[in-house]
Amino acid sequence: MSNDIALRTDDLEVTYTGNREVTAVDGVSTEFAENKLTAIIGPSGCGKSTLLKALNRLHEIQPNAEITGEVYLGDEAIYDTDDPLPEIRRRVGYVPQTPTALPLSIYNNVAYGAKIHGDHSSEELDDLVESYLRKVNLWDEVKDRLDDPGAELSTGQVQRLCLARSLAVEPEVLLCDEVTSALDPISAEQVEETLEDLKEEYTIVMVTHSMDQAKRLADDVIFLYLGELVEANDTRSFFENPQHERTQEFVKGHTAVDYDDEPDEESVTDEQPVATR
Amino acid sequence: MDRYTEQRLFGFLARASAALILGVLVMVVGVTLWRGGRVFITDPAVMVTAPGSRYMLDGGGGFLHAVLGSIFIVVPATVVASILAISTAIFLQSDYSNERTSDVINMFLNVLWGTPPIVYGVFVLTIIIAAGAQTSLIFGTIAIAIFQYPIMTRYADEALRAAPDAVKEASYGLGATRFETAQVTVRAALPGVIAGIIMGFARGIGDAATVLFTAGRSTQMPGGPFDPATTLPILIFEQAASFNAEVRSHAYAASFVLIVAVLALILASKLLAGRFARFAPGGRHS
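For the protein sequence lines, the chains are A and B, in the order given. For what it's worth, the UniProt record's numbering labels the leading residue of the first sequence as 1, then goes sequentially. For what it's worth, the UniProt record's numbering labels the leading residue of the second sequence as 1, then goes sequentially.
Keep in mind that a hint or two might mislead.
Unchecked claim - Computed list of chain B residues with no C-beta within reach of chain A, every gap over 10 Å: (1) Val24; (2) Gly114; (3) Pro164; (4) Val167; (5) Gly173; (6) Ser242.
As the list claims (entries may be wrong) - Reference listing, derived: stretches of chain B covered by chain A, where coverage requires no fewer than 3 residues with Cβ under 8 Å from a Cβ of chain A: (7) 92–100; (8) 179–192; (9) 274–281.
What the hints contain is simulated information worked out from the structure, not anything from laboratory work. As the structure is a prediction and not an experimental result, all values here were calculated from the model. We put the beta carbon where it would ideally sit given N, CA and C, even for glycine.
Could you put the whole structure together from the sequences, leaning on the hints where they help?
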């Protein structure tokens, strides 16, 4: 990891103090390189999503989450700061696991963030909406129906809409929480292609439980186990030459499974069912 | 009894109870529409004619005063109550209050919901007496708003809770403030919120006890917010108790107006909710 560092965590610890106290992220210190895609992998419940949300303080919307340690965006601390919280979340964007359109038109889904963060003329907004929809390869599919509800798009389209929406506030870092897990194989592939394009320009941190996806997309990989960081390395070394015993088991365990590259494996999620009603 | 007999028996009971309740409903609506409709056919002007000076005695004129009274009392009450209800419901979400606070407030709301409306009427009457004021349209509005508030709040709270967390996450993730996120969440929950508002409106327009001592039971056209007024449910009670057969028949005409208004409201809420449901996460399929 010789590149510039976009985001860095320092002894980050997140504890949920509900009925049962759980330390979801336990003393994680790591770095995320600029304009690279870093995948966070690990078994279910290992704190991947919590770590991701702690990177833009999104876990704070849940009651009972306590955090110690610090996250640095460039050189700036995001916890010990005078900046208002929404400003931090604008700079570190987040794409949720369940593809969810805001209850607005397609156009306004993309324009929403820009609108709340500043005044734009309607021409500026038009341009912005078009450029970000193009960036996520959605423009051609929706350009004739921009006023339709975002929720009427297909799940895969909604997920690309979510990407466009997050990019439209011009974040420095983009956090993606298992963004393909709720998608059918074809849509998942389209989103992966989009991410592949985006990582040229953005620092992306992606949680995934698909080792194949990490192999395909990621430049660097971070392996979490029970909230602790076990190993962080570039993708090739991580998979070909895992240093720690646990990583070796995890990598081997996954390759040992009959993993014949069927994209179907990806759409199986063990965490949240897709919200199809 | 073997399990298949059991199943048949239960099937029969379930169908019979559905048929019973539907039959009663059809009869209530049917009788009102039939007897009220007859009055309208012979004298369609009763709804838009002001009452004569001796209306309750001889049925001269119509009951426009109660129709207007209902509108002027219940519409503003619904507006006030829905603003308060939506604000409270937003406050009850985890962004603003912790679980214990919202549990306690919800318990109070349930108590309020279960409180008989006559109690609200007496409460507002106490205020009127303490203030040395006279019963009038505005106090009827206040009493109805208090009556509607817990109903609407519970509906709005349920709707907001049912809105997907991902909407909140997405909004916060874009750097929205708590208030902006609340606006987005309300939009996502709009079908349920509207259902609550319409339900509150329907309950409000049909309630007699709240306005009984507060609005003044006027038999004349309402003059202004500080003048006595009456509403359709109170008028129906008075009409039905009249010695005059024509006045009694007007009770059905007034019931007809009420029932048509409530049916129209429910229809309107279905249409509105359907329109907004297209935008709610999950699209028109939800």
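Against the structure, the hints come out as follows:
Distance check for Val24 (chain B) against chain A: the nearest CB is about 33 Å away, which clears 10 Å, and the non-interface claim stands. Every C-beta of chain A lies more than 10 Å from that of Gly114 (chain B), the closest at about 29 Å, which supports listing it as non-interface. With a minimum CB-CB distance of about 6 Å to chain A, Pro164 (chain B) fails to clear the 10 Å threshold, and the non-interface call is violated. Here Val167 (chain B) does not stay apart from chain A, with its beta-carbon only about 6 Å from theirs, under the 10 Å limit.
Taking the minimum C-beta to C-beta distance to chain A, about 3 Å, the non-interface status of Gly173 (chain B) is violated against the 10 Å cut. Residue-level check passed: Ser242 (chain B) sits 51 Å from the nearest beta carbon of chain A, beyond 10 Å. Here the segment 92–100 of chain B counts 4 residues with a CB under 8 Å from a CB of chain A, which clears the bar of 3, and the coverage holds. A stretch counts as covered by a chain when three or more of its residues have a beta carbon under 8 Å from one of that chain; for the segment 179–192 of chain B and chain A the count is 5, and the coverage holds.
Counting residues of the segment 274–281 of chain B whose beta carbon lies closer than 8 Å to any beta carbon of chain A gives 5, which reaches the threshold of three, so the coverage claim holds.
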